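Peer 1: Sequence lines, in order, name chains A and B.
The first sequence begins at 1 in our numbering and counts up by one.
The second sequence begins at 1 in our numbering and counts up by one.
A portion of the hints provided could be inaccurate.
Claimed, not checked - Listing some non-contacts, in silico: residues in chain B with all C-beta distances to chain A over 12 Å:
no.	residue
1	I11
2	L13
3	A17
4	S38
5	L59
6	V60
7	I100
8	L103
9	A104
10	A106
11	A108
12	L109
13	L110
14	G125
Said to hold, decoys possible - Restraint ranges, calculated between C-beta atoms of paired labels, are given here:
no.	chain 1	residue 1	chain 2	residue 2	range
15	B	L61	A	S211	23 to 31 Å
16	B	L117	A	R40	22 to 30 Å
17	A	K98	B	K36	25 to 33 Å
18	A	E197	B	I93	46 to 54 Å
19	A	D31	B	L110	14 to 22 Å
20	B	R113	A	E197	31 to 39 Å
21	A	K217	B	V114	47 to 55 Å
22	B	S38	A	K98	55 to 63 Å
23	B	L15	A	N168	37 to 45 Å
24	B	R113	A	M1	42 to 50 Å
25	A	L130	B	V60	37 to 45 Å
Said to hold, decoys possible - Listed below are the simulated EDC-like cross-link pairs for lysine to aspartate or glutamate, each with C-alpha atoms no more than 16 Å apart in a straight line:
no.	chain 1	residue 1	chain 2	residue 2
26	B	K112	A	D167
27	A	K75	A	D172
28	B	K99	A	D167
29	A	K75	A	E163
30	B	K99	A	E44
If you're looking for bench data, these hints aren't it; they were derived computationally from the structure.
Note that the structure is predicted; figures quoted are calculated from it, not measured.
From the three backbone atoms N, C-alpha and C, an ideal C-beta is built for every residue, glycine too.
Read off the chains here:
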Amino acid sequence: MKILVIIPCYNEQESIERVVANLKEQAPFADYLIVNDCSRDNTEKILCANGMNYINNPINLGIGGGVQAGYLYAKQNGYDIAVQMDGDGQHDPRYLAKVCQPVIDGEIDMAIGSRFIEKEGFQSSFMRRLGINIISLLIKILSGKKVYDVTSGYRACNRELIEFFADNYADDYPEPEAIMSCVLNGYRVGEVPVIMEERQGGVSSIRSLKSAYYMIKVCLALVVDRISTKRKAGKN
Amino acid sequence: MFQWHDNDLRILLILGAIALFGMIVYLIKHKKIEVKYSIIWLAFSATMILFAVFPYLVLVLGDISGVANPVNFIFMTLFVFILLILLSVSAVISGFSTKIKRLAQANALLEKRVRELEKEFENKGE
């Protein structure tokens, strides 16, 4: 069983080394690929100097396009499971096996590492949680599937979904949309409780000034997904 | 005192429409606009020429659609065409952005393979 950890990374010079060292220590069974999304700091030098496995996007594609490049790589290189993990140290590789397990067992097609099931560890600010709850509710209304941690970027998926994501993945804020399109296309989505850290370096792709735009864009995109995707009878 | 008459306006419209048509044909001829993107522009300028040459059309269509002043009907047509063109530009840009994304991803994966091949090659050479 070949497992690939996709680590999208944009200006993460402070944390990327530690993230990879952690990953190698905690999850030696998995390969990893860092997607350097045209960072403007020394990220690339660090990646190169340490002989890490990475790709360089020639232009900044945003988190969606970057992660999708990772899925393309997983597809081309015949991986069975792909796991997304942030490059800022929020996601502890200790839980990697736990997040992968239900996908390996074939219980679900995509497993999302969720910090809101056991409500332990870093829980994010009140405003963020409010936004996450609104999106979660919208996904429930539109698709019928309740997912709590809709913005979590810690997720594992199987070969079928790797191929699906290599062709269809949203652009700027892809996490909630990916859940939506999975459910609508008949894939099984589930959550696995994990404990998340506060980010160790870098800035979130969702900043305060952008958050209003984020909410409008995501909500609109979810509605568009719902009306443009013909629901497929899946394994649900 | 100099005064604008309907005829002067008509001549101005004819000249303008012909100039627009000429520019579009020039751009297509020199391959500055692809034919598929020029269709809506050609339709636009052809309509304007038609209106200028046969003002009767404008009067009748204006009457049917209840536009009080015939020249407003011309403005309305203009506006509708501009909206259509803007929308089509948005659609074309969206198509491009998907294609550019694909290219960048393919490029990133290729660059990795080249980088690794070069390294392998260097190691063999030593």
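Peer 1: Run every hint past the structure and note whether it holds.
Peer 2: Now for the hints, and whether the structure bears them out:
With a least beta-carbon separation of about 48 Å from chain A, I11 of chain B lies farther than 12 Å from that chain, consistent with its non-interface assignment. Residue-level check passed: L13 of chain B sits 41 Å from the nearest beta carbon of chain A, beyond 12 Å. For A17 of chain B, the non-interface assignment is confirmed: its Cβ lies about 39 Å from the closest Cβ of chain A, beyond the 12 Å cut-off. No beta-carbon of chain A is positioned within 12 Å of the beta-carbon of S38 of chain B; the least distance is around 29 Å.
With a least CB separation of 42 Å from chain A, L59 of chain B remains clear of the 12 Å interface cut-off, as annotated. With 12 Å as the threshold on Cβ separation, the claim that V60 of chain B sits away from chain A holds: the shortest Cβ distance comes to roughly 40 Å. Non-interface call for I100 of chain B relative to chain A: violated, since the shortest CB-CB distance, roughly 8 Å, does not exceed 12 Å. Here L103 of chain B does not stay apart from chain A, with its beta-carbon only about 9 Å from theirs, under the 12 Å limit.
Non-interface call for A104 of chain B relative to chain A: violated, since the shortest CB-CB distance, roughly 5 Å, does not exceed 12 Å. With 12 Å as the threshold on Cβ separation, the claim that A106 of chain B sits away from chain A is violated: the shortest Cβ distance comes to roughly 8 Å. With a closest Cβ-Cβ approach of about 4 Å to chain A, A108 of chain B is found to fall inside the 12 Å limit, against its non-interface label. Distance check for L109 of chain B against chain A: the nearest CB is about 6 Å away, which does not clear 12 Å, and the non-interface claim fails.
Not every C-beta of chain A lies more than 12 Å from that of L110 of chain B, the closest at about 9 Å, which undercuts listing it as non-interface. Against chain A, the non-interface label of G125 of chain B holds: every CB pair exceeds 12 Å, the least being about 18 Å. The supplied range of 23 to 31 Å is broken by L61 of chain B and S211 of chain A, whose beta-carbon atoms lie about 49 Å from each other. At about 27 Å, the beta-carbon gap between L117 of chain B and R40 of chain A stays in the expected band of 22 to 30 Å.
K98 of chain A and K36 of chain B have their C-beta atoms about 52 Å apart, which leaves the hinted 25 to 33 Å range violated. Taking the beta carbon of each, E197 of chain A and I93 of chain B are about 39 Å apart, not inside 46 to 54 Å as hinted. D31 of chain A and L110 of chain B have their C-beta atoms about 19 Å apart, which keeps the hinted 14 to 22 Å range intact. The hinted range of 31 to 39 Å is satisfied by R113 of chain B and E197 of chain A, whose Cβ atoms lie roughly 34 Å apart.
For K217 of chain A and V114 of chain B, the Cβ-Cβ distance of about 36 Å falls outside the hinted range of 47 to 55 Å, so the restraint is violated. With their beta carbons about 58 Å apart, S38 of chain B and K98 of chain A fall inside the hinted range of 55 to 63 Å. Remark: the range hint 37 to 45 Å for L15 of chain B to N168 of chain A is contradicted by a beta-carbon distance near 51 Å. Take R113 of chain B and M1 of chain A: their Cβ atoms lie about 24 Å apart, and the range 42 to 50 Å is violated.
Range check, L130 of chain A to V60 of chain B: about 58 Å between beta-carbon atoms, so the 37 to 45 Å window is missed. The suggested pairing of K112 of chain B with D167 of chain A is violated, with an alpha-carbon distance near 20 Å, which exceeds 16 Å. For the hint linking K75 of chain A to D172 of chain A, the alpha-carbon distance of about 22 Å lies beyond 16 Å, and the restraint is violated. As the CA atoms of K99 of chain B and D167 of chain A are separated by approximately 12 Å, the hinted pair is consistent with the 16 Å bound.
Distance restraint check for K75 of chain A and E163 of chain A: the Cα-Cα separation of roughly 6 Å lies within the 16 Å cut-off, and the hinted pair is therefore satisfied. Between K99 of chain B and E44 of chain A, the direct Cα distance comes to roughly 25 Å. Violation of the 16 Å bound is thereby established for this hinted pair.
Violated hints, in rising order: 7, 8, 9, 10, 11, 12, 13, 15, 17, 18, 21, 23, 24, 25, 26, 27 and 30; the structure is consistent with all others.
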